[in-house]
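K.L.:
Read off the chains here:
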Amino acid sequence: MLMTRLKAGGPAIAKQGILVAFIVFMIAFSLMSDRFLSADNIMSVFRQSAIIGVMAIGATIVVIGGNLDLSVGSMLSFATVLVVDLHDKIGPELAIPVMVLATLCLGAINGFLIGILRLNSLIVTLGMLSAIQGLVLIYSGGQNVDIVDQRGTWFAIFGRGAVFGIATPIIIFGTLALIFHIIMTTMPFGRRVHAVGGNPTASVFSGIPRSRVVFMTYLISALCVAIAAIILGSRVMGSQNNVGQGYELQVLAAVILGGTSLLGGSGSILRTVLGVLMLAFIQNGLILMGQPYYTQWLVTWVVIIVAVWLDVAAKRGRLFSPIA
Amino acid sequence: MAYFYQNPALRWLMRNPIWGFVLIVFIFFSLASDHFFDARNFQNILVQTSTIGLIALGMTLVMINGNIDLSVGATLALAAAFAVDVQSWAMFTTWGNWQILPAVCLALLVGIAMGAINGFIVWKTGVDAFIVTLGAMLGIRGLVFVYTGEQSFYAMNFAYSDFSALSVGPLPVLAVIFLLCVLAVHWLLSRTVHGRNTYAVGGNREAAVNAGIRVGPHMMINFMIIGFLAALSGVLLSTQMGAATPNLGRDYELWVITAVVLGGTKLTGGKGDIIGTLGGVLAIGILRNGMNLMQVPAFYVYVILGSILIAVLFLDKRFNASTDGGLRL
Chain A
1 MLMTRLKAGG PAIAKQGILV AFIVFMIAFS LMSDRFLSAD NIMSVFRQSA
51 IIGVMAIGAT IVVIGGNLDL SVGSMLSFAT VLVVDLHDKI GPELAIPVMV
101 LATLCLGAIN GFLIGILRLN SLIVTLGMLS AIQGLVLIYS GGQNVDIVDQ
151 RGTWFAIFGR GAVFGIATPI IIFGTLALIF HIIMTTMPFG RRVHAVGGNP
201 TASVFSGIPR SRVVFMTYLI SALCVAIAAI ILGSRVMGSQ NNVGQGYELQ
251 VLAAVILGGT SLLGGSGSIL RTVLGVLMLA FIQNGLILMG QPYYTQWLVT
301 WVVIIVAVWL DVAAKRGRLF SPIA
Chain B
1 MAYFYQNPAL RWLMRNPIWG FVLIVFIFFS LASDHFFDAR NFQNILVQTS
51 TIGLIALGMT LVMINGNIDL SVGATLALAA AFAVDVQSWA MFTTWGNWQI
101 LPAVCLALLV GIAMGAINGF IVWKTGVDAF IVTLGAMLGI RGLVFVYTGE
151 QSFYAMNFAY SDFSALSVGP LPVLAVIFLL CVLAVHWLLS RTVHGRNTYA
201 VGGNREAAVN AGIRVGPHMM INFMIIGFLA ALSGVLLSTQ MGAATPNLGR
251 DYELWVITAV VLGGTKLTGG KGDIIGTLGG VLAIGILRNG MNLMQVPAFY
301 VYVILGSILI AVLFLDKRFN ASTDGGLRL
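So the sequence lines, in the order shown, correspond to chains A and B. Reminder that position 82 of the first sequence reads as 82 in our numbering, one-by-one numbering, no gaps. Reminder that position 124 of the second sequence reads as 124 in our numbering, one-by-one numbering, no gaps.
The set of hints was computed from the structure by calculation and includes no laboratory data. Quick caveat, the model's predicted, so the values are computed rather than measured. We put the CB at the ideal spot given by N, CA and C, even for glycine.
So these bits of chain B aren't anywhere near chain A, every CB distance computed over 10 Å:
no., residue
1, Leu23
2, Phe29
3, Pro170
4, Cys181
5, Gly270
6, Asp273
Here are some chain A residues pointing at chain B (derived, C-beta under 8 Å):
no., residue
7, Leu119
8, Val124
9, Ala131
10, Gly134
11, Leu137
12, Ala253
13, Tyr294
14, Trp297
15, Leu298
16, Val308
17, Trp309
18, Val312
Please put together the full structure from these sequences, using the hints given.
P.N.:
Have a look at this one:
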């Protein structure tokens, strides 16, 4: 029964699966907790999801290009520690550009190794994860860093400020998502990333500079991490040196939940945003219901697998894998 | 040059470059540090290596099979929590030291069950193992936190925490268990039908299916083996600490994958062996131990390991590109 239905309405469900799941979760949570749908709560979920969300935008572009980036977590630690530490040493107006440049350099190393030298992205970024974590510890000497004058600095605006009553992190997240969505859907660069991820060989024969495109995707990913670090550093006004540990997985979970194929070539920024929001709302809803914090990880486990399963099932037209 | 090709020892090294690296690191630290070349330190290295080494054995199977398992660190923590907690259950209080037995058995079963869940999902849904085990990594870790209530468990029975101090002849018992597992998995991979089919499935799944190999069960068995080994590793680690913390085994999957890739196993499947993995594990163990003895801050180990991983990948690519028509030096 389900199998025939999948065959008939497969593609339509596959395209909107995440949206349907999102709506189901929202209805379920709002029935179970009366505080869930309040404007305050929704705004705070948006604000909390901004950091993962900004990183997920860059990660989506890397994944569409057919690669992975596992180094974003330790890169976030690196960027946050750097910007917070430099804030008191050379002032925020210099600290931010220096940090962005340094983070872009890390992205460029990723891009060089994976785009130009064509090494396996999973292992390279795994190695970078470890190497950058070491770099952070060497730089900070194992100490946590803090901004001394937390009230007087205009640096606070990125994480704690608001414009027209909307928190700045939400504005940054929304603007970036919109910009990169437009780039990925309407501009030549977006089409090239899709082409390289979908079929690398064909893209080379069509005259697309594959190495340069992959290189650029890692630069964008690093840029997004740098922006996320500004939000995080500004909100916390300090940083532990392993603050980004484990972020790469939550980011990847959001990207996968958004229906972006890990094989590359397909995916969308707006659906990633939906994936990010869904994870954030699951977390928020479970906490409002009084569940222990880590129950959200259990739910995420089930949601990720079911979401990807339905996606894969709809594409092949049958629920279970034909593997014997 | 001619001599080079004929010397069997050198030819073996060419096929297993990681052992050359192990040799170099070993000689380097023997010369550079006064405390490295010492029987007791070698025992130390083996014990330190056994935790990651056990999981790496399973990861070799899974990766040769064309899959990957990111959930091993969480499985390790779950098994450790069970092993330490179940001993103190009220129903086993009168069992004396035997209360350890059901605890360890349950912990190992939990590990196998987690592997079975992963394997079954990969088999039946056809979702990529990377995604399935990424989800499991979060989910099982969540399970650990919910089960332990975010607290550490401490082993009240001292027979449990004394176990890791035992030795068989010159070898610590943890090292003996590790080496026995190395032999067992090596035998499984090189001498049994399951081992041969593991290579076949990872090398060319289509061809394996056409040859009548049942792909699914083989993948599931390998996931169960890695679940068992991760749980065993968790139990042994908790005997060393006399406790189980919910954060145990964080980032272990990264160390394990690093070790296995250093050992020459291909992420694409179909290639690799236990001898290489043992070399990879030892390389990391000796490097960490030696740098520790030379009082290099632990931070640098991360940087060096990451760089080595990328360098190996680069050399491997260069090497393989030029070896299409035979070795050229």
